[in-house]
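Number of protein chains: 2
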Amino acid sequence: MDRRGFLSAGMAAGVAAGMSGLGGAGASVAAALERIPGWGRGKTMADGTLRLSSNENPLGLAPAAREAVIEALIHAGRYPGEFTAPLYPQLAEYVGVGEENILFGAGSTEILQIIVQAYQGPGVPLIMAEPTFEDVLRYQGPLSYHLQMVPLKADHSHDLVRMRELAEVGRRPAVVYICNPNNPTGTVTPARELDEWIAEAPESTLFLVDEAYHEYAEDPAYASALHWINEKPNVIVVRTFSKIFGMAGLRLGYGLAHPDTLDRLRLFTISNNPNILAAAAAMASMEDEAIMAQSLQVNREARDVTHRALDEMGLEYLPSHANFLMHRIPGDLGEYIGRMRAEGIRVGRPFPPMTGWNRISFGLPEEMDRWAGALRRFRTMGRI
Amino acid sequence: MDRRGFLSAGMAAGVAAGMSGLGGAGASVAAALERIPGWGRGKTMADGTLRLSSNENPLGLAPAAREAVIEALIHAGRYPGEFTAPLYPQLAEYVGVGEENILFGAGSTEILQIIVQAYQGPGVPLIMAEPTFEDVLRYQGPLSYHLQMVPLKADHSHDLVRMRELAEVGRRPAVVYICNPNNPTGTVTPARELDEWIAEAPESTLFLVDEAYHEYAEDPAYASALHWINEKPNVIVVRTFSKIFGMAGLRLGYGLAHPDTLDRLRLFTISNNPNILAAAAAMASMEDEAIMAQSLQVNREARDVTHRALDEMGLEYLPSHANFLMHRIPGDLGEYIGRMRAEGIRVGRPFPPMTGWNRISFGLPEEMDRWAGALRRFRTMGRI
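Residue numbers (my numbering), protein chains in the order written: chain A, 1 to 384; chain B, 1 to 384.
Worth double-checking, as some hints may not be accurate.
Computed footprint of chain B on chain A; a stretch qualifies when at least three of its residues, placed anywhere within it, have a C-beta under 8 Å from a C-beta of chain B [to be verified]: (1) 76-86; (2) 246-254.
Label-pair ranges, simulated between beta-carbon atoms [claimed, not checked]: (3) A:Glu-231 to B:Met-45: 39 to 45 Å; (4) A:Leu-296 to B:Asp-288: 38 to 44 Å; (5) A:Gly-40 to B:Gln-90: 24 to 30 Å; (6) B:Pro-259 to A:Glu-130: 29 to 35 Å.
No lab work stands behind these hints, which were simulated from the structure alone.
All figures in this text were calculated on a predicted structure; none of them were measured in a lab.
From the three backbone atoms N, C-alpha and C, an ideal C-beta is built for every residue, glycine too.
Chain A with its partners taken away, still in its complex shape:
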């Protein structure tokens, strides 16, 4: 059945049947949606395309969050302000900060843009790794920064020594972007090294620490930079509901920083953000303790399938501390991406200069099996 019309055409009956099947006062529309064809988990689209290209959560929006969105529809015609206000104390408690340390954005990417705008100045060094997440690069495009790209080290962690040298030339203001764990490599930059620099840096060095994949990081060398924010107004931590909570389509992220720092950032925010439905989904997601555990469990299982396939093929890969990994591709990357697309599988985009590698996002374990099957066929055909 065409998904676009399934609600009006037949879903009402389906939901009703699902609900009577569930029975009892605890039954919900949102849970019943799970029983409707096309509402299952995974990254396989209606046309069969497997989307392993965007670091999304294969579990999608959690049932509790779907329910909260449906409930919040009653307020959808109203400006967000008072309806999103309860998000502040709830996130504050969840993360362990004060409400005055929180700034919400339309995805963590809005926070990245705000920071890039708020700290710009002619010739101010903007120091970032190569490769890393591209949005900061895009946002500085029309501004007058002095862009400094620093290649990752051999272990694909950030080269903090080189970045620090560039930041400390003349002790002028500088903005340092550190994505940890790093996208697209999935690797961790050790907290010990970063903490040492932050502890010694002048306040004119702004540390923009992007922790979009924070919840996935299990390496003991990793730690959040969050503990700095009240002591150091020049440290901003950025996180998101897009990944661990499967909310990429709803656009909700946040920055965590000293209140004085947020005052500066707030001059560059958009009015009336975040949207009401994203806020409702986020509040329900934080209340449901099972969501994070499930997301992490599925991610581990999918990563294991991916590791086994790559081991079998003898293809090198980087240790993953996120919901994706990067692995070697013998031959041309563009050709590989095109061939996977011909198999109905979308894999990661190029991240120069790592043209000998491909980023693969984790789907469900069985979806990684499908990808592994394509890899095996490529091997048989001498393509990899």
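Starting from the known structure of chain A, fit chain B onto it as the hints suggest.
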């Protein structure tokens, strides 16, 4: 019943009952929601507060749009790109422009911010009326414009003659913000006057025409500036789904301009906007031809109730070409706002220098009766 828990606690049964009552293939979850207590129309909140303060649509999100949001929940975990792509051709056809003329934002306010950022420069005049919608004023705060506030004329239309004088000093670049119909006055600036200026202006004068209330304007003197966009890259029209489509909580607006102009603006956009649920609601709203007619009809009825009450009280008001109006308040505005709040009614905020006036947003006709009742009590008590 507490709304927060009504879905999980009892709504499933309620929806099921509603649906079996509706029966047939055309029944939908979204329509059934209308039957659940608390899902009715209007601006009266769960605690009884009547919210006539934010120019929202009292009909809220239309049933067809609610249904589309529920359907789109399946994609809520994915990044918007391909799921929001169909919005472009649909809006293009709806508005009568090309897809290349459209830029979406998180509300029209994001488009306002982008324009203010993209055309900034040291000492560039930013010329706007006083009072007008405040977001442009907020967004230029941290930038280096030369702000020029021009009082409205006696008829509360924009003083285009004075604005033009300021724009043409030295024929340097200038940004002109024109909100038409104007918020908070609800008045129209005649298209004939604006067209004359646009026709003769140098390309260095950027016209930012905010038409958030476009659909409500019935004055024959009003016309959109949209017809200029392909001939004049220095004309940008901004509109929104927040008002006529009751989508304020979902955050979706758009700019309409020459493709070259949008290329310049796109450097300042946020990645991955708009959110998937707003896009789904917008597409369904444009498909449903009844929504706009219903919104306009309810607005006219509420305006009539408002006019009658103000006539009865002998309180002057401005002609309204929007979903609100401005009327005289004898005495102190802050005191009036506070007294209305004590009655459980929120009215508009102060818009200096019009401190002798209050802006009232239209609710349902019966909600305007409640407001009129409070006015009458104030009169009896000698307060107005």
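Taking the hints in turn, this is what the structure says about them:
1. Under the rule that three or more residues need a Cβ within less than 8 Å of chain B, the assignment of the stretch 76-86 of chain A holds, with 6 such residues.
2. Residues of the stretch 246-254 of chain A lying with their CB closer than 8 Å to a CB of chain B number 6, which satisfies the three-residue condition for coverage.
3. Hint check: Glu-231 (chain A) to Met-45 (chain B), Cβ distance near 41 Å, so the stated range 39 to 45 Å holds.
4. The hint said 38 to 44 Å for the Cβ distance between Leu-296 (chain A) and Asp-288 (chain B), and at roughly 42 Å that hint holds.
5. Evaluation of the 24 to 30 Å hint for Gly-40 (chain A) and Gln-90 (chain B) yields a pass: the beta carbon distance comes to about 28 Å.
6. Between Pro-259 (chain B) and Glu-130 (chain A) the C-beta distance comes to about 32 Å, which sits within the given range of 29 to 35 Å.
The structure agrees with every numbered hint stated previously.
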